[in-house]
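Each chain, written out:
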Amino acid sequence: MASVYKSAKAGETSENKSNGTVDRRINKQRVLLLSSRGITYRHRHLMNDLEAILPQAKKDSKLDSKSHLHILNELAELSNCNNCIFFEVRKRQDLYMWISKTPNGPSAKLHIQNIHTMDELKLTGNSLKGSRHMLSFDKNFDASPHYQLLKEMFTQVYGVPKGARRSKPFIDHILSFSIVDNRIWFRNYQIVEKNPTNTPGYTAKDEDDITLVEIGPRFCMTVIRVFEGSFGGSTVFENPEFVSPNMIRATHRREKATKYNSRQAAQTERKAKLKEAEGKESELSTRKVFG
Amino acid sequence: MSSDESNHTEEELKIVQEDELMEQEPVSLEDLDASDIDDEDGDLILEQKVTINNEAALKRITEEFRLKDLPWIETMAVTSTEPIELEDVHDDLKRELAFYQQALEAAKIGREKVKATGLPFTRPDDYFAEMVKSDEHMEKIRQRLLDETAGVKASEDAKRQRDLKKFGKKVQVEKLQERQKKKSEDMEKIKMLKRKRKGAEDFSTEDFDIELDGGADDKSNKKSKRGGPSKREKKDSKYGFGGKKRHAKSNTAESSADVGGFNPKKNKAPFKGQAKRPGKAKRANNRNRK
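If you read the sequences in order, they're chains A and B.
When we follow the numbering used here, the leftmost residue of the first sequence carries the number 885, and every step to the right adds one.
When we follow the numbering used here, the leftmost residue of the second sequence carries the number 127, and every step to the right adds one.
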């Protein structure tokens, strides 16, 4: 019965389309948002925040595998998505964000650091859930080709297309992407237009003035690699400056170990030195003369 | 991969290697192994990390998946006019300010553009809908802000109080010092006066109308000599000079009637009563003092 109803319904809509009710959405973007297993609470909160500010996003359940990422393409297709944000968590502490244009690519792998979620009480802004936001890019994005590529990708993935299903009509916040220190810094600000109720000492001069209040989340992305395909394919860019967090931790540990080793070496050296300084017994040593 | 695309990649590789003037089949850097690298000098580092930055491919890919011919309102992406340049990344304040300014500029440009298309920008005050942060959360934020301001105010108050206390103490010390100074000054003055009087006996003392030692003036005037009474006078007072010497130490009628020096209490043992236990506060205070 249900299938009959469905098919009838489908026929209806297709007829409607042919009758001239054209879908006026030109920019169709849907984002699949999911994480791998082993995600921590902070990463999960960040993902929820992203879901809250992206009305075109569809959240999916955790992905079991970390090695066969190509199945994400099929997953995205199953849920009618042409973009994918995948949170890959390694060792329950390192967060990598895959951003991909499924199914044909490109895709990029980014390392996420310095996460502050929206729950933090220091971030005092607020906005409508699902309102469209503007995107602000740093001029540095035009400086090199891989940043240009990322800029285009962010525009499509993080931008809310006009007429997205759950989006609301007003524009009250802005996402900003800036490049400092070879990292991409993400910020989300509420746009507050000054009016007599929210500005003490309001004058006519403040009429068109805007202030921003940060909403959150904030995080910092380091590009690791850019691939030609979606979740695979040949690497077209690799960040030479990226050092994996594993490496950093290993170095720290090694440093600690060398501290112990060097102390031990110093102790044995000192003992040997003392022994040498004692000297040998001779004809004229005190014990022989007075003993 | 379609033949079209593979053509692309070959072209790119050629472009990459043109400036190196190599007349070989294009081989990607990853495919090279150690034997392919001719190490004539012997100082090539074989383990050097080979990084990939295929700019031509990046450009081509970007051009391929770029959203073309879309009105601005579809994406609403704004690029800043000035690139962010910071001296110190770890200077949080400056960094956040730079981000803020970038976003602010974009917001201003964006608002003009949105208004030009005739779409609504500002949310009217009577438009209520679900927000990103819940009301409870916003209440928490508000409470925190209040707490923060209250804390700041309290600490400022405490600081002011401390300063006042410090200042009060200073004032007290100053007053004491002033009093001391005044006292010593007065003494100095008196000494000066005394000296002056002694030095200038002949001058009238009308100018200095201060009574110094009560009625002792006459005596001091009589004994004008320095160094007190003379030897003769002393001896006279000690051994007697003139007058009756007898019965000087015996009682007279007056002396026996005089009871001035007698105090009946003097001989009694004083009654002290039971030793009192001091009050609680006093005891606590004493304990603290130890």
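Bear in mind the hints are in silico, worked out from the structure with no lab data behind them.
Just so we're clear, the structure is a prediction, and the values are computed from it rather than from any experiment.
Misleading hints may appear alongside valid ones.
Claimed, not checked - With a cut-off of at most 30 Å between alpha-carbon atoms, the simulated DSSO-like pairs for lysine-lysine come out as follows: (1) A/K942 / B/K322; (2) B/K291 / B/K307; (3) A/K1023 / B/K241; (4) A/K1140 / A/K1078; (5) A/K1046 / B/K291; (6) B/K239 / A/K912; (7) B/K322 / A/K1046; (8) A/K1078 / B/K234; (9) A/K1089 / B/K239; (10) A/K1013 / A/K1078; (11) A/K975 / A/K942; (12) B/K307 / B/K324; (13) B/K315 / A/K912; (14) B/K266 / A/K1006; (15) A/K1159 / A/K1143; (16) A/K942 / B/K375; (17) A/K975 / A/K943; (18) A/K912 / B/K194; (19) B/K239 / A/K1023; (20) A/K946 / A/K975; (21) A/K942 / A/K1006; (22) B/K234 / A/K1046; (23) B/K285 / B/K308; (24) B/K402 / B/K375; (25) A/K1140 / A/K975; (26) B/K292 / B/K307; (27) B/K375 / B/K391; (28) A/K1078 / B/K241; (29) A/K1052 / B/K194; (30) A/K1046 / B/K324; (31) A/K1078 / A/K1006; (32) B/K234 / A/K1052; (33) B/K392 / A/K1046; (34) B/K239 / A/K1013.
Outcome of the hint check:
Of the supplied pair hints, the one linking A/K942 and B/K322 is violated, its CA atoms being roughly 107 Å apart against a limit of 30 Å. Under the criterion of a C-alpha separation no larger than 30 Å, the hint pairing B/K291 with B/K307 is consistent with the structure, at around 24 Å. Proposed proximity of A/K1023 and B/K241 is supported: the alpha carbons are some 24 Å apart, at most 30 Å. Only pairs whose Cα atoms come within 30 Å are accepted, and A/K1140 paired with A/K1078 is rejected, the gap being roughly 55 Å.
As the CA atoms of A/K1046 and B/K291 are separated by approximately 65 Å, the hinted pair breaks the 30 Å bound. Taking the CA atoms of B/K239 and A/K912, the gap is near 21 Å; set against the 30 Å cutoff, the hint holds. Pair hint B/K322 plus A/K1046 does not hold up; C-alpha atoms about 106 Å apart against a cutoff of 30 Å. Distance restraint check for A/K1078 and B/K234: the Cα-Cα separation of roughly 13 Å lies within the 30 Å cut-off, and the hinted pair is therefore satisfied.
Among the hinted pairs, A/K1089 with B/K239 is consistent with the structure: their alpha-carbon atoms are about 21 Å apart, no more than 30 Å. Straight-line distance between C-alpha atoms of A/K1013 and A/K1078 comes to about 21 Å, which keeps the hinted pair within the 30 Å bound. For the given pair, A/K975 sits about 26 Å from A/K942 by alpha-carbon distance, which is consistent with the 30 Å threshold. Distance restraint check for B/K307 and B/K324: the Cα-Cα separation of roughly 26 Å lies within the 30 Å cut-off, and the hinted pair is therefore satisfied.
At roughly 102 Å between alpha-carbon atoms, B/K315 and A/K912 are farther apart than 30 Å, so this suggested pair is violated. Annotation: proposed proximity of B/K266 to A/K1006 holds, straight-line Cα distance about 10 Å (limit 30 Å). Taking the CA atoms of A/K1159 and A/K1143, the gap is near 25 Å; set against the 30 Å cutoff, the hint holds. Using a Cα cut-off of 30 Å, the hinted pair A/K942 and B/K375 is violated, with the two alpha carbons roughly 127 Å apart.
For a cut-off of 30 Å, the pair hint linking A/K975 to A/K943 stands: about 23 Å separates their Cα positions. For the given pair, A/K912 sits about 13 Å from B/K194 by alpha-carbon distance, which is consistent with the 30 Å threshold. Distance check on the hinted pair: B/K239 and A/K1023 sit about 19 Å apart at the alpha-carbon level, within 30 Å; holds. Taking the CA atoms of A/K946 and A/K975, the gap is about 16 Å. The hint holds against a cut of 30 Å.
At most 30 Å may separate the alpha-carbon atoms for a hinted pair to count; A/K942 and A/K1006 meet this at roughly 28 Å. Restraint check for B/K234 and A/K1046: the C-alpha separation of about 19 Å stays at or below 30 Å, so the hint holds. For the hint linking B/K285 to B/K308, the alpha-carbon distance of about 34 Å lies beyond 30 Å, and the restraint is violated. Pair hint B/K402 plus B/K375 does not hold up; C-alpha atoms about 49 Å apart against a cutoff of 30 Å.
With a C-alpha separation of about 21 Å, the suggested pairing of A/K1140 with A/K975 holds against the 30 Å cut-off. Taking the CA atoms of B/K292 and B/K307, the gap is about 22 Å. The hint holds against a cut of 30 Å. Only pairs whose Cα atoms come within 30 Å are accepted, and B/K375 paired with B/K391 is accepted, the gap being roughly 27 Å. The hinted pair formed by A/K1078 and B/K241 meets the criterion: a straight-line CA distance of about 17 Å does not exceed 30 Å.
Taken as a hint, the A/K1052 and B/K194 pair is honoured in the structure, with Cα atoms around 25 Å apart against an allowance of 30 Å. Using a Cα cut-off of 30 Å, the hinted pair A/K1046 and B/K324 is violated, with the two alpha carbons roughly 110 Å apart. A distance of roughly 21 Å separates the Cα atoms of A/K1078 and A/K1006; the hinted pair therefore holds under the 30 Å criterion. Simply put, B/K234 and A/K1052 have alpha-carbon atoms about 20 Å apart, close enough for the 30 Å limit, and the pair holds.
Distance restraint check for B/K392 and A/K1046: the Cα-Cα separation of roughly 111 Å exceeds the 30 Å cut-off, and the hinted pair is therefore not satisfied. Between B/K239 and A/K1013 the alpha-carbon distance is near 22 Å, which keeps this suggested pair within the 30 Å criterion.
The structure is inconsistent with the numbered hints 1, 4, 5, 7, 13, 16, 23, 24, 30, 33, although it conforms to all the rest.
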